[in-house]
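Input sequences plus hints: build the corresponding full structure.
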Amino acid sequence: MTAQARTVELSVRLVGGDLHRITLPEDARELLDLYAAMAALPAADRLLQLPLGGGKAACTVRASQVVSVVSEPPVVLELQKPVTRATGTAFRLRRPQYAIVDDFLGPGEYRELLALALAAEDEFKTGQVSTDNGSTYKPEYRQNQVVMHFGGTVHSRLLQNRLLIWFPLLARTFGIPMFPLREVESQLTAASNGQFYKVHCDDGPDIPRVLSCVYYLFREPRGFAGGNLRLYDCIEEEGGSRRPAETFTTIEPLPNRMVVFPSLEFHEAMPARCPSGEFADCRFAITSWLQRATVANPDATFGWGHFRCGVVAPQFLDAGLARSSAP
Amino acid sequence: MIFTVFCTSAHPVDLLAQAPWQAELLEYSWGHVRQPGELVRLVACRPGDTLPSDRLARVVRTTSWSSHPFTGDAYPPYDVAASLLEWLFTERIEGSVLLLAQGSIFRAPVTHEAVRGTAQAMAWDGLPRGDGPFGLGPAFKFLDLCCVDRTLTLPAVTLPLLIHSSDLRRIAPRWLEMMSIIRPETNVGTQGPREDADAIAYAIAAAEAGIVHTVTDFTVGTGAKTGTAPILDYRRPIASARGKTVWDAGTWGGGDVVAAKHAAPGIGREFLTTLAEFAARRKEGADLAFLRPCRHPRVREAKILGQLFLDVPGRSDTVTVDASGAAIWECCDGTRSLAEIHRDVEARFAKPPGSLRDEIAAVIERLSNVGALRLDRV
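Chains as they are written, first to last, in my numbering: chain S, 1068 to 1394; chain F, 27 to 404.
These are computed hints drawn from the structure, not numbers from a lab.
This one's a predicted model, so the numbers in the text were calculated from it and none came from an experiment.
Glycine included, each C-beta is placed from N, C-alpha and C at the ideal position.
Don't take every hint at face value.
Covered, in the sense of this in silico footprint (three residues per stretch, anywhere, with C-beta under 8 Å from a C-beta of chain F), are these stretches of chain S [to be verified]:
1) 1083-1094
2) 1369-1377
Derived, one-sided and incomplete: chain F residues facing chain S with beta-carbon distance under 10 Å [unchecked claim]:
3) 91
4) 93
5) 97
6) 101
7) 209
8) 233
9) 235
10) 262
11) 282
Sample of chain S residues with no beta-carbon within 10 Å of chain F, all distances over it, derived [what the hints assert, rightly or not]:
12) 1135
13) 1190
14) 1249
15) 1324
See below:
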């Protein structure tokens, strides 16, 4: 359910016929180096070092000696945009963090929320994006329909209360120390034919969102295709600047599926194709954001009103508490 | 694959905290009946708590939910649901989960797997009945706000529970959530919050998830005359034929065991017999479960084409060990218990937990017999 690096099996054939079989995690630096060197046409004669036998040996070759690489699963490069490295700039390619929780709600709860979404057509407004001057309509950037203040509704509490049960575990999964909650902000969105939301991240200097939680719901059999969530790898450059990479992880919207990721992750809602054009065939999502409070508030209650999440409980204060098996 | 799971707390004052002998006795019975699969001990920890080191069980640290992080309510059953959720989520467990109550040991193996969408558990006659939501009674009116369908029929069950991991993963968060609601909502008047909130919460979560429960006689108590149940519940004191208490889990410190003949005939006598066997083996240190295999320092070894050859001082012949035996040999460094060697070797050969138990024990016994290994007490 959490993002873990898959392994990639490589068969690297060298000039002269030598063939080396190598297994690497998909986020291995050597994998990036290998493909970056191959993609830089004409071949840069860089020195490559590839681990053999799980790192017990190493194969050192010049990039120009590599004839072919067969990988399983396939590693695909967009050759029009070869992987390049700005001269003199150190950077790190980081895979996005995310967790998927399927069957997030009970079947009855799911049906209740879907019925609510289907009945709320008149409440949806055109989605806007935040700018320095407030919210504005930018159709080239975001096209969908939204119920902005869904968080104030009774139905949102159904989702919110369950989310709070998961909150400590999700925070730990992402290595984020538990934080006092300020608010659980929530929107209900509908993506119809051709609608999308381009690459963005949910946090910002004035937006204390820490975790983004997207819950999918739609009528079945589904009346749309596409509408996937893309979580982009992040290029973190020296000096702290960040930008989305060309590579990404795709998450399919499934009914009753919750996808949670740190709000700083670059993500994109891909265009949905909805041939009928009917509102009921939209891909619906309830997006919630757990916001960090700058000042702890022991009196603030959340969910159905039982949970005081405005402060961090003592058992979550020790960030060094590692999950492990006994030695 | 059956994961036998028991939940404990690392915090000594918690009700879930167990005396060391209790976990050891369960492990002994689990190994003795050759229960298939893996034995997992979930330990709810607070900052600074140290994990116990078990012989056969894989010990998994989880974060304590008692006191409840959002309500402050101290209620040990929160730890059960929270530990299960954390374990199932982080380890992506796939298979049957046999969840044991405290004070349980095996009499016979549970070998049948759980089918998705169904579960088996012991009957519980304490489920409140009335005219309120879920047929629980008017005191549960508060559930109208936070439960969508209050007409569902609740399964009146309790531990032990045999359930598929995917179903338990679906139930666990709601189980924890419902406990977190029922406890403060029933904390009215002088009675305090309901002590059975965990069982009621489980019933609601299971019903909402659509998991069909079948009542199964998993357990027999020490007061019974006879029984074929595979699990024995020793929480109640054992009495003599005259009704006098001869043994009580709450007061026994792990020392001398009262002779079984002092108990009235029946399951209590059977338990005392098992306890005496366990205590004797524990005292002798004769069971592999209580030992850490350690390579003899003067053994010389050589590896040729995947085979391991051991030159043991005092022996004229050379001991030959195959590749899997060599992997076991490498693990016998005196720091690992048998459970840890199981885990390491099974992970190395990508085998399901528990599947190599017999083979590993056989290799260790053979290497010990030829003088290549020393068996240190844990």
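Okay, the hints, checked on the actual structure:
no.: 1; hint: 1083-1094; result: violated (count 0)
no.: 2; hint: 1369-1377; result: holds (count 6)
no.: 3; hint: 91; result: holds, 8 Å
no.: 4; hint: 93; result: holds, 7 Å
no.: 5; hint: 97; result: holds, 6 Å
no.: 6; hint: 101; result: violated, 13 Å
no.: 7; hint: 209; result: holds, 9 Å
no.: 8; hint: 233; result: holds, 9 Å
no.: 9; hint: 235; result: holds, 5 Å
no.: 10; hint: 262; result: violated, 31 Å
no.: 11; hint: 282; result: violated, 29 Å
no.: 12; hint: 1135; result: holds, 29 Å
no.: 13; hint: 1190; result: holds, 21 Å
no.: 14; hint: 1249; result: holds, 15 Å
no.: 15; hint: 1324; result: holds, 13 Å
Comparing the model with each earlier hint shows violations of hints 1, 6, 10, 11; every other hint is respected.
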